[in-house]
Structure formats: C-alpha cells, structure tokens
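Participant: We have chain A; now place chain B onto it with these hints.
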Amino acid sequence: MSKRILVIEDQEDNRRIVRDLLASAGYEMIEAATGEEGVAQAEATTPDLILMDIDLPGMNGYEATRRVKSNPALRRIPIIAVTSYALSGDDAKAYEAGCDAYVTKPFSPRALLAKIREYLKD
Amino acid sequence: MREWLPRLVARVPAPVHAKLLVAFLAIVLLLVAVGAAGLQVLSGVNRRAEELGQLQRKIAAYRQLQHDTTAQLYSVASALLVPDERTLEGTLRQLNQFGYDLDRLQFVAKDEVELLVRVRKDYERFIRVVGQVVELIRGGRGAEGRELQLRETGPLADRLERLTNQLVNKAEADMVASIEAGHQAYVTSRWVVIGFAVGSIALALALGYAISWSLVGPVQQMEARLQQITAGDFSQRVDVPNRDELGTLAVNLNHMSEELGRLYRQLEAASKHKSQFLANMSHELRTPLNAILGYTELILDGIYGEPPEKIREVLKRLEMSGRHLLSLINAVLDLSKIEAGQLTLSLTAYSMKDVVQTVLAGVESLAAEKQLALKTSLPPDLPPGKGDERQITQVLLNLVGNAIKFTETGEVRVDVASGDGAFTVSVADTGPGIAPADQERIFQEFQQADGPGARKKGGTGLGLAIAKRIIEMHGGRIWLESKPGEGSTFRFTLPVRVERQVEAT
Numbered sequence: 001m002s003k004r005i006l007v008i009e010d011q012e013d014n015r016r017i018v019r020d021l022l023a024s025a026g027y028e029m030i031e032a033a034t035g036e037e038g039v040a041q042a043e044a045t046t047p048d049l050i051l052m053d054i055d056l057p058g059m060n061g062y063e064a065t066r067r068v069k070s071n072p073a074l075r076r077i078p079i080i081a082v083t084s085y086a087l088s089g090d091d092a093k094a095y096e097a098g099c100d101a102y103v104t105k106p107f108s109p110r111a112l113l114a115k116i117r118e119y120l121k122d
Numbered sequence: 123m124r125e126w127l128p129r130l131v132a133r134v135p136a137p138v139h140a141k142l143l144v145a146f147l148a149i150v151l152l153l154v155a156v157g158a159a160g161l162q163v164l165s166g167v168n169r170r171a172e173e174l175g176q177l178q179r180k181i182a183a184y185r186q187l188q189h190d191t192t193a194q195l196y197s198v199a200s201a202l203l204v205p206d207e208r209t210l211e212g213t214l215r216q217l218n219q220f221g222y223d224l225d226r227l228q229f230v231a232k233d234e235v236e237l238l239v240r241v242r243k244d245y246e247r248f249i250r251v252v253g254q255v256v257e258l259i260r261g262g263r264g265a266e267g268r269e270l271q272l273r274e275t276g277p278l279a280d281r282l283e284r285l286t287n288q289l290v291n292k293a294e295a296d297m298v299a300s301i302e303a304g305h306q307a308y309v310t311s312r313w314v315v316i317g318f319a320v321g322s323i324a325l326a327l328a329l330g331y332a333i334s335w336s337l338v339g340p341v342q343q344m345e346a347r348l349q350q351i352t353a354g355d356f357s358q359r360v361d362v363p364n365r366d367e368l369g370t371l372a373v374n375l376n377h378m379s380e381e382l383g384r385l386y387r388q389l390e391a392a393s394k395h396k397s398q399f400l401a402n403m404s405h406e407l408r409t410p411l412n413a414i415l416g417y418t419e420l421i422l423d424g425i426y427g428e429p430p431e432k433i434r435e436v437l438k439r440l441e442m443s444g445r446h447l448l449s450l451i452n453a454v455l456d457l458s459k460i461e462a463g464q465l466t467l468s469l470t471a472y473s474m475k476d477v478v479q480t481v482l483a484g485v486e487s488l489a490a491e492k493q494l495a496l497k498t499s500l501p502p503d504l505p506p507g508k509g510d511e512r513q514i515t516q517v518l519l520n521l522v523g524n525a526i527k528f529t530e531t532g533e534v535r536v537d538v539a540s541g542d543g544a545f546t547v548s549v550a551d552t553g554p555g556i557a558p559a560d561q562e563r564i565f566q567e568f569q570q571a572d573g574p575g576a577r578k579k580g581g582t583g584l585g586l587a588i589a590k591r592i593i594e595m596h597g598g599r600i601w602l603e604s605k606p607g608e609g610s611t612f613r614f615t616l617p618v619r620v621e622r623q624v625e626a627t
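Protein chains in written order, with this note's numbering: chain A, 1 to 122; chain B, 123 to 627.
In isolation and in its complexed conformation, chain B is listed as follows:
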C-alpha cells in the first residue's frame, strides 16, 4: 500500500486537476451513497411500522367480527326469551353494525380473499336467517323461530367463528413474521450502513493518501535532485512514475540536468584546453628566450671578447627585459598549471622557522638596498609542519618581495604564530597601503593596486593569485588588512599538518 498505490495513481495519464476532481467526486458519490442507504433503511422501517399497524387493525377487526357474531347470537337468544319490540330492534341494529364491521375488512391480503369470501357468504346467510328468526318472533311464532335458530343460526355462528379465528391466526402469524422480518432487515441494513460508512472512510483515506503522495513524492525527489544539481552533480536522473504535469516536470528536469552537465563538461574541457594551451605556449616561448638570455650572458661574460662599455650597458638592459619577460611567462605557466590541476603539492615535513629564514636571507640584499629594516619574530616553540615547503617558501618570498618593492621607507615585518593546529604568518609593511576597493581585486589574476607608483614597480600581477591558490590548496586562507597611507599587512593561515591537497576550484 505504501508504495504501489501512489505509484498507481501517478501512472494514470491524466492531469493533476482531473485526478483531484475524480477523487473528490468519488468521495462525494460515496457520501451520497451512504445517505441513500440510510434513507433506504428509514423507509424500510417506516414501511414495516405501517404494515404492523395494518396487521393490528386487521386483527382488531377480525376480533370485532367474532365478538359481533357472539353478541348477535346472544341478542337473538334474548329476543326469543323476551320477544318485545325493543329487544328485536336491538338485534336488527346489531345486524347493521355487523355489516359495517365486515366492510372494514377491505385491506385484506390476497391469500385471505378466499376466506373472506366464505365469511361474507356465511355472514349474509347468518343475517338472512337472523332476519327470518326476528320475523318469526315478531309474528308470534316463537317455537318456529327457536327451531330455526337452533338449526341454522347456531352452526352458522360456529362456522363464522372458526373462519374468523383462522383469519386472526393468520394475521397474527403474519405479524410475528413481519416483526421477525423487521428485525432481520434491521440487522442487514445496519451492516449495510456500517459497511458503506467504513468503505467511504477507507476510500477517502486511501484516495487522499495515494493522490497526495503521488504529488509529494515526486516533488521531494525533484527537490533532492535539484540540490544535487546545485552541488554540481549532473550524473543522476530523477525517475518518477507520474504521467501528469509532475512527470513532464521530471522529464524537463532531467533534460535540463543533462544539458547543464553537457555545458559544464564543455566548459571544463574548454578551460582545461585554455590552461593546456597557456602551458604549452609559455613552454614554447621560453625556448627562444633561453637562447636570448644565454647569449646575452655569454657576451657580457666576455666569452666572445670584451664588449665595449656602451654595448655592455645595452646588453644589461636587454638581459633585464629578458628576465622580466621570463618571470611573466613563468607566472602564466604556474597559474595555468594550477588551473589545469597539474600542480601536485609534495607534502613533506618542514620547519616554518627555516622557511622564514630562507626567505629573509633571499631578500636581505634587496631590503638593504632600499635601507628598509627587515624584522621578524619567531616563537621558539613552533611545531614541525607538513606541507609543500617549496611552494610555501615561494608564497612567503612573493609577499615579502612585494612588501619591499612597494615600501620606500620604514620597515617590513614577518611574524609567525601558531595555535589551533595552524600557523598564522603575517607580512606587514609601512608602504602606501591599498584602497579597500582593491583589496579583493589584487588576489585576482593580472590585477595590481592602482595608484601612484604601482605600475612603475613592474611585476606580473600573478604572484598573489598564485599565492592564494597555493595557500588554498593547503587548506589555508590568505587576506589583507590595509588602509591607504598606513601600510599593508598580508596574512595567511596554514594548517600545521597538511595531509591532503585541497582541490583547486
């Protein structure tokens, strides 16, 4: 029931409103049927009550007939004993009453008609004989009247009594049968009404359950499917049995999911191709650049004879430009490798203290050139780390290099702290600072903070984008705190022990 009924309803190829209409109509029809069954029972009860009343009246009439017959006999007997006119009048009056009682027996049932015909015949004869007896008495021929009374009236009265008794018995038997039948009918109709009511309730519940679940089930399935699609899983299909609007919706949802999945794969492939193209191109660009830089250095080193000072100067500029071009190409390659998912961190044990000291040693001469103070604070109890030491060193080198590049006076500070299973490294400078509008942007590719002097500094605009990717691949976070005119502080957190590379997004 839990499964197949909603499925069955779902499979009905009709629109939802038609299904609802049919369900409501079915319930309404059942209510009408319950009402009709109730009315039927009521009218049956009423009919039986009328029947019983009729039977009772019939029995009463029969009894009256018996009583009349007996009374008539007594009345005639009295008239024979006391043959005065008053008694005779009474007897004749009773005869009329007798006829009246008989006329009341109009409602007799078919099988009683024969009996009643005989009753009427005997009655007519009885009236005639009684009339003759009365006439004889009036005529003063009492002895003849008595003889007729004994011979004719007595046996007639006996027969009438017998016949009416039969009628009474029959009517009584009918009454008992009717009461019995009434009881039976009551029991039957009670079960019919209860059955209809229980059936209606069961059907209404079943229909409600089936229809609501045939609607809610697919909606829930599609809701779950949409969540999967939102999460980027286009591989699943929603499978609902519905052949109504919800079925169409599910088909469209599947279609949309497939289409989205196809576009997503295309986009992914295009992005991979782009990254691959950039990687290939930068590799190809470096081959001739290698020759340019190599020859330049050989000439400058006097391998081909000592160059004149003027040429040496130009060659130095050539070499600088070549190295800048090289750093640009390298940065593009780095980024495209990260984006193509080709960068794999090599996770090994390292010392954060060594990383910081390596970086500081590398930039010492740069800071000294600009007369900037290079300060650091390293807690003595830094835990041993696990991560890609080379990449972490590159990130820190990039941050410190930038800080030195953009700071004219003052200091550059590198601070390291550890806690909650993560290192927090900050690089603070006393440079020009970065406007809030640029603070998000500088972590994007090819973006540098605008403002005086920014472009003059050179650089690829890729360093921070790469740093961000590398930190994120370690499961860390990098951000910037800065106010224009008050210097900048770049900060990143890095899990102390990185056991697994976080996939670049």
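Next comes chain A alone, as it looks inside the complex:
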C-alpha cells in the first residue's frame, strides 16, 4: 500500500509540482489549499506525512501544525514545513510549532523528495 502524503499549499503551481513529483515516486497525495482545510483533512485521512506551507491565507502553517500536533491521534505524523526564504528565525519558529523538518522555498523537488523519503523510510 502506497504512503499517503497530505500537502497543504495555497499555490496551484506548487501543488502541481509536488503532485507530479509524488506521483512519479509512487506516493498517494491528498491536497488542501488552506490551513483550516488541511487540519480537517489530517483528521479525516490520518496521512503518513504532512507537507506544510507556512505562508497560508487565514490560519498559517505554524497554527495548523500546532492543531495537528495537539491531537493525540495525529501527533506521530511527521510534518515537514515549507518556509519562505528568510535570514533566520523561521526555522526556529517552525520547530517551536512542532514541525519535524523544514525546507526553504523555492525548494528543489529533488531535495524535497529526499527529505520525504528520509521520514518515510520504514
């Protein structure tokens, strides 16, 4: 059974790139365009990994991460944050919110896939 990855991302192009990338690697992908929708999808589908954009309209990625991690049933799901490029601080905030790893935007699909594989090894 293929692993399911929830991608929470408001940009259609970014979703499409990740979708094409994950499809080629044989992963199943669930999509959400807002933080609220993402949290609902996580609760409904219990994915194996969450790719969380931080810069989201409405509820941002930090808050969505906190919601997911505060749910005992979902706490074990690894969350990879996709942070905007910044000098510093975003990574620390991502870890603080409960993210397991982060990649900075614009990300290389190749590097992203490597990061995902690292967390879905078993």
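Treat the hints with care, as some may be off.
[Said to hold, decoys possible] Label pairs and their in silico Cβ distance ranges: (1) Ser499/B with Ser24/A: 45 to 53 angstroms; (2) Asn71/A with Ser468/B: 37 to 45 angstroms; (3) Glu491/B with Ala114/A: 18 to 26 angstroms.
Calculated directly from the structure, the hints in this document are not laboratory data.
The beta carbon of each residue, even a glycine, is placed where N, CA and C say it ideally should be.
Facilitator: Below, chain B without anything else, positioned relative to chain A:
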C-alpha cells in the same frame, strides 16, 4: 537670588542691548548719586566751619565790647582824677573805638537783634553820658562830673556788661550746639555715603550677575539642546524665560528641532516603507520563480518523460539563470530585512573551528574545479564563541566564495586568530587585487570592483554589503587589504562572546 533674579531679567520684554544700556545707566546714575552725596557732605562741613568761624568772630566782638566798656569806665575815672586834656582826648578816642566795635556786630542772628538794639540804646546813652562827664570835667566842674559818673555811667556800664554777657553766652551756646550738630551731621552723612557706596556695589553686582546669567543660562541650555539634536534626539524642547532675542532664538531652535524631528521621522518611515516594499516584492517575485525552477527540475529529472538532449541543455541554462535571479532576489530581501530592522541575530554558543570547516567543506569542490589550493590555519586553543552561527557562516562563505570566484591561479587562505576578546578571521587570495578607489565602495550595495573580468563573474554585489551589516550587528568590523596584482585579504574581527545585538545604522 541664584534663580529668580536672572529669570526676572530674562522675562523683561526688551532687546538685550536695551537691557545692557539700562544696567549701565543705572550703575552710572548710582556713581553720580555717590558723588553728589559726597559733595553734599563736603558742602555741609564747609558751611559748618564757616558758621563756627562766624560764631567765634561774634564772641570775640562781644568780648571786645565788654572790654571797651570797662576800659571806658577806667578812662573816665582816670579823667576825673587827672583832668588834663590828654586824658580827656584818650577818653573821647575810646568812645569812637567803641562805636566802631559796635558796627562790627552786623552779622547777628535774628533772635539776637532785640538784645543788640538794647545794647545800642544803652551804648548811645553811655556815650552821651560819658560825653557830658567829659564836658563837665573840661568845664572844671569835676564834682558834678563825678556825681554824673556815679549816678549814670556806672549802672549803664553794668547793664551793658550784663547784656553783652548774655550775647556771649548765647553765642557760646550756639557754638557748642553747632559743634554738636556738626558731629551729628558727620555721623549721618558718613552712613549716607557708606550706604550709597555699598548699595551701588551691591546693585552693580546684582545687575551684572542677573544680566550675564540671563544671557549665559539660555545660551548654555541651547548649546546642550543642540548637542542632543546632533545626537539625533528631537524630542526635547528648550525652555527659557527670556523675552528678548535669546527667547526668539530658543523659539526658533524648538521650531527647527520639531521640523527636523518631523523630517527625520518621515525619512525613517519612508526608508522603512522602502525596505518593506522590497521585502514584499522579493517575496512575491519568488512565488512564480519557485514554479519555474520546480517545473524545470521536474522536466530535467524526466518526470514528464526523458527530454531530448537539445532541450535538456536549454533547460539547464534556464535553471542556471533562474537560480541567479533567485540569489539576486534573496540578497535584496536580506538587505531590506536588515535595513528594516527585521533581522534579529539568534545568539547561541558556537565553535569557530566548526564554522570554518563547514565553509571549507562547502567550497571544496569549487576550489578543486579551478585547481586552487585551499589552505587554513586554526589555532588549537580557540575559545568557544557566542553569536549567530548561521550568519557568521554565511559571511565567511561569501568571502571565501568571492575569493575563489575571482582567483584564477594560486591559493585561498583562511586564517583565524583570537585575542583581546575577539576573533580575527582573514580570507586571503592570490587574485587580481582591488584598486584603492574601490576598496571602500565594494562594501556598499550593488558595487563590485571594476576592472577586467569583474562583471563576468556575476554575483549580486550585495554579499559584502550584507556581510558588513552582519559583522557590525555583532559589534565587529570588516575591512580589506589589497593591492592590484598582489591579491586581496578580507579581514573581520568579531567579539568572541556577543551578548547583545548592535542596532544597524
């Protein structure tokens, strides 16, 4: 006195020169007053001396009168005893002298006039009687003359003596009173002169003090205020009580300060807006760029089927250009974040040795590609540092990356030393070197050294500007030592333990 008098003078709504003029005039008037008081005293003393002289002459005249009366009596008595013509002549001569003495008493005071009138009356009678006595003696009627002498002349002489005694006593009493009054007047005028002199000195000092401090005080206040303005503090106001030119100056100074403060705030806001705009814009630019780079990589990785070699080549160039554009946008974002004060250093413990090794590992392949030797010397006893490890790594990476980029043959050396609580890190290359004119400029935004090959190397021209800001935020300093043709050495110092971020200016 210290406070209110200068304030009082300051509040007088008159120009400074008018105040000074009034003060000088006041002092001059006081001097004139002191002089006038002195003259007054002198003339009083003189008047009293004259009065005393007059009294003395008067007393002398009265005494002379008494003496004359007595002499007259003796003279008549002698004539009665020795009735020869010579004696009689002497007696008549003395009578004339007597009249002369009386005429000298012209200066008598008003209250003495009555006495003197009586003296004159008695005197005239005395002269007449003496004249009759002399006539009787001449006529050989000595017995009748003696009888008249005894009956009339004697009592008249007694009365005259009494009257003149009264005059003398009165004059003497006047003299004593005059001396006493003179002494009193001296005491009074002494105090008046001393009072005027002390008052003048006190007033001159007070006026000098008040006027000079009403001028110096506000000048000092404004001087201090100007220093605050120079230091960039526009919030204070200078408050002087003056209603003269200095008051106007203070009002203008406050106005200028407010205006400067307003402009400064506007400028600051404009600069913040600019930085914010750049930050927003670069963020917006990266979203489509993300898609371009992402799709390009997916195509190159064969996700959509293996692309033909020709397309792959073009895609690689597309990807390179995209990454360059990305680095430009990132650098603009970095700088605008620093300028907007949005960059906060995260100060943690780090190892300078690890930083250098991370950087060297990152550029190893680049140096190897150009066959450049990458050398380093790390003292074994480097102290543990505190600072923003990521930023310090970025700075060093930028310096070493530049050194490799601009050096064609030879080596790139990274040396670290520590001492006096600071690390000194130097990155030396054997590249073309940088002309002195460019050495300051390359730390400014969008500046690269001119000269052959410089533009070809690409890069944003922001790396060194960012590095400089980051080093300065750590409280360090970065500079360059270079001669054209002899390579360049970039050096920066960094406090070993940075406890607080230095605000970017």
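Participant: Among all the numbered hints in the text so far, which are the ones the structure does not match?
Facilitator: 2
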